[in-house]
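K.L.:
As they're listed, the protein sequences go chains A and B. Each residue of the first sequence is one higher than the one before, starting from 1 at the first, in our numbering. Each residue of the second sequence is one higher than the one before, starting from 1 at the first, in our numbering.
Check before you lean on any hint, since a few could be wrong.
Said to hold, decoys possible - Example chain B residues on the side facing chain A (calculated, C-beta under 10 Å, incomplete):
| id | residue |
| --- | --- |
| 1 | P35 |
| 2 | A58 |
| 3 | Y83 |
| 4 | S138 |
| 5 | S150 |
| 6 | A155 |
| 7 | I209 |
| 8 | V217 |
Said to hold, decoys possible - Result set (DSSO-like, lysine-lysine): computed pairs, CA atoms no more than 27 Å apart in a straight line:
| id | chain 1 | residue 1 | chain 2 | residue 2 |
| --- | --- | --- | --- | --- |
| 9 | B | K75 | A | K112 |
| 10 | A | K112 | A | K56 |
| 11 | A | K50 | A | K35 |
| 12 | A | K112 | A | K151 |
| 13 | A | K56 | B | K77 |
| 14 | A | K112 | B | K77 |
| 15 | A | K117 | A | K50 |
| 16 | A | K112 | A | K50 |
| 17 | A | K122 | A | K50 |
| 18 | A | K50 | A | K151 |
| 19 | A | K122 | A | K56 |
| 20 | B | K75 | A | K56 |
| 21 | A | K151 | A | K122 |
| 22 | B | K75 | A | K151 |
| 23 | A | K112 | A | K122 |
| 24 | A | K117 | A | K56 |
| 25 | B | K77 | A | K151 |
| 26 | A | K151 | A | K56 |
| 27 | B | K75 | A | K122 |
| 28 | A | K122 | B | K77 |
Unchecked claim - Stretches of chain B that chain A covers, calculated by requiring three or more beta carbons in the stretch to come under 8 Å of a beta carbon on chain A:
| id | segment |
| --- | --- |
| 29 | 28–34 |
| 30 | 68–81 |
| 31 | 139–148 |
Don't read these hints as lab results, they were simulated from the structure. Glycine is no exception: its CB is placed at the ideal position from the N, C-alpha and C atoms.
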Amino acid sequence: MIELVPGRISQAVLLIIVLAAIYAATRIASKRHLKTRGIPGLERIDEWIKEAAGLKRPVFYTPGTGGITDPDTLAGLALLEYVVNHCVEHDARIIVANSDPQVQQMTEDMVKRAYSKAGREKDFSPDMVRYVSTRQFAYAAGVMGILRREKPAVNFFVGSFQAEALQIAETGRTEALYQFGGTTNTDQLPFFTTTCDQTLIGEELYTAQGFLSSDPDVISKLVGSDGGKILAILLILAGVLLATLGSSFLINLLGL
Amino acid sequence: MSSDKKKMSREEFGLQIIIFGLGFFYAIVYYVAVPGVVDLQAVSDQLLAYVTAVLTAAFAIGVINLTRVHWINIKRKRATWRYSVILLLSLYTMLVFSLIASPFALDPNAVVIPASVIQFSTPIWEFLYYKTLVNINSSIFSLLAFFIASAAYRAFKARSLESTILLVAGLLVVLGQAPIADLIWPGFSIIRDWIMAFPNTAGQRGIIIGAALGIIVFSVRRLIRYDW
Numbered sequence: 001m002i003e004l005v006p007g008r009i010s011q012a013v014l015l016i017i018v019l020a021a022i023y024a025a026t027r028i029a030s031k032r033h034l035k036t037r038g039i040p041g042l043e044r045i046d047e048w049i050k051e052a053a054g055l056k057r058p059v060f061y062t063p064g065t066g067g068i069t070d071p072d073t074l075a076g077l078a079l080l081e082y083v084v085n086h087c088v089e090h091d092a093r094i095i096v097a098n099s100d101p102q103v104q105q106m107t108e109d110m111v112k113r114a115y116s117k118a119g120r121e122k123d124f125s126p127d128m129v130r131y132v133s134t135r136q137f138a139y140a141a142g143v144m145g146i147l148r149r150e151k152p153a154v155n156f157f158v159g160s161f162q163a164e165a166l167q168i169a170e171t172g173r174t175e176a177l178y179q180f181g182g183t184t185n186t187d188q189l190p191f192f193t194t195t196c197d198q199t200l201i202g203e204e205l206y207t208a209q210g211f212l213s214s215d216p217d218v219i220s221k222l223v224g225s226d227g228g229k230i231l232a233i234l235l236i237l238a239g240v241l242l243a244t245l246g247s248s249f250l251i252n253l254l255g256l
Numbered sequence: 001m002s003s004d005k006k007k008m009s010r011e012e013f014g015l016q017i018i019i020f021g022l023g024f025f026y027a028i029v030y031y032v033a034v035p036g037v038v039d040l041q042a043v044s045d046q047l048l049a050y051v052t053a054v055l056t057a058a059f060a061i062g063v064i065n066l067t068r069v070h071w072i073n074i075k076r077k078r079a080t081w082r083y084s085v086i087l088l089l090s091l092y093t094m095l096v097f098s099l100i101a102s103p104f105a106l107d108p109n110a111v112v113i114p115a116s117v118i119q120f121s122t123p124i125w126e127f128l129y130y131k132t133l134v135n136i137n138s139s140i141f142s143l144l145a146f147f148i149a150s151a152a153y154r155a156f157k158a159r160s161l162e163s164t165i166l167l168v169a170g171l172l173v174v175l176g177q178a179p180i181a182d183l184i185w186p187g188f189s190i191i192r193d194w195i196m197a198f199p200n201t202a203g204q205r206g207i208i209i210g211a212a213l214g215i216i217v218f219s220v221r222r223l224i225r226y227d228w
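Excised from the complex, chain A in its bound form:
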């Protein structure tokens, strides 16, 4: 007999409601011609890559120290796809540094695929995608070394980062590179905003790819996730109101 795990029933119901709200908001938005407010600086990615190509300097990209199951890493990889395609288009050399061997495999495949899609398989070189180290500070030292020695024009570090982020960012700052950072780690975000020209904060990391598109269909999907967010905000407000009035109804309901 199939049964729901006690304590997780409300979570399952809530997940279904949030997904339904996202779907409904997407459907409604797809019928209207919407424009995004944009994330400042995001449109400059292309400009920076062109500049790197003009200066004959590489573009550096690292998705951080997270594993392949880390959502931040996956979001970082999604943006890498955009960056690498534009590097190939503008003939800018890309260097990708990885901390996780599985992520290394994925990034190598992405870069190779971008070159073969453009019919330029011969331009791909194995040293474009490098495995540095799984150890946090060995990885930091390796990335700092690449930034100092290879002198890229742009430093993209978007993904899962811990304390090593500041070391990478400050090294990039010292080298006067354009810096583009992004993470959901709130402990590291202040360092990102201090040292980067552009930072993807929190959920922007997951929606950046959508903002880079002007396709109305893609924009409607961005609105979809906002539908889920509105629902969460309403739930929080209801919780605050009920808790202030001394009712634990919502807490008990969510504990089911």
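With chain A fixed as given, assemble chain B onto it according to the hints.
P.N.:
Quick look at chain B alone, frame taken from chain A:
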């Protein structure tokens, strides 16, 4: 990043079925149980063990990549080829001694490897690990102090209203944290606690809630190949 709908190849379709099936299974296991019929949690744990096995194999691929990249450096006598020699020597020396004498040695009971070799290798591995690797790791970590100082200097410049608020809030928290603060004025630690408990926590939670919702949407999108 394009939203163009492309037809999936047979391989891609097969892969997508596996990805969706496993992702859906893991989501279901979290919420559903089938007592008396099948222990879904045990199945899930077994699958995770396979993930660990794949992950371990991926390490070997990492080492191959590292060797290939640095071997090319040496072969082509690039500007930094000397560093590549040091890296490869360190990597393989550590690998050999770790396989013989570390807590994860291949033959700790000296069945195949002679005991004298293990005895000879143990102090060398200990030196390489505890006296070299650990210390280098700590040194790189401690560089953070200097990086934090330079980042704080840049952040705490009152160039706009926002950076002035950051400067004032930062100074109050630093003062509240310093042991001498209570001797100067007891209010510093109260202000610090308020800043940390309310504006700081509220801001952080906003980001965390937004990111959590982003993760849900992103994961579903990836799972069902909702393009972009």
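K.L.:
Now, for every hint given, state plainly whether the structure supports it.
P.N.:
Results of checking the hints against the structure:
no. : hint            : result
1   : P35             : holds (7 Å)
2   : A58             : holds (4 Å)
3   : Y83             : holds (8 Å)
4   : S138            : holds (8 Å)
5   : S150            : holds (6 Å)
6   : A155            : holds (4 Å)
7   : I209            : holds (6 Å)
8   : V217            : holds (4 Å)
9   : B:K75 - A:K112  : holds (23 Å)
10  : A:K112 - A:K56  : holds (20 Å)
11  : A:K50 - A:K35   : holds (26 Å)
12  : A:K112 - A:K151 : holds (22 Å)
13  : A:K56 - B:K77   : holds (21 Å)
14  : A:K112 - B:K77  : holds (25 Å)
15  : A:K117 - A:K50  : holds (19 Å)
16  : A:K112 - A:K50  : holds (20 Å)
17  : A:K122 - A:K50  : holds (21 Å)
18  : A:K50 - A:K151  : holds (16 Å)
19  : A:K122 - A:K56  : holds (18 Å)
20  : B:K75 - A:K56   : holds (23 Å)
21  : A:K151 - A:K122 : holds (23 Å)
22  : B:K75 - A:K151  : holds (22 Å)
23  : A:K112 - A:K122 : holds (10 Å)
24  : A:K117 - A:K56  : holds (22 Å)
25  : B:K77 - A:K151  : holds (19 Å)
26  : A:K151 - A:K56  : holds (10 Å)
27  : B:K75 - A:K122  : holds (19 Å)
28  : A:K122 - B:K77  : holds (21 Å)
29  : 28–34           : holds (count 5)
30  : 68–81           : holds (count 6)
31  : 139–148         : holds (count 6)
In summary, the structure agrees with every hint in the numbered list given earlier.
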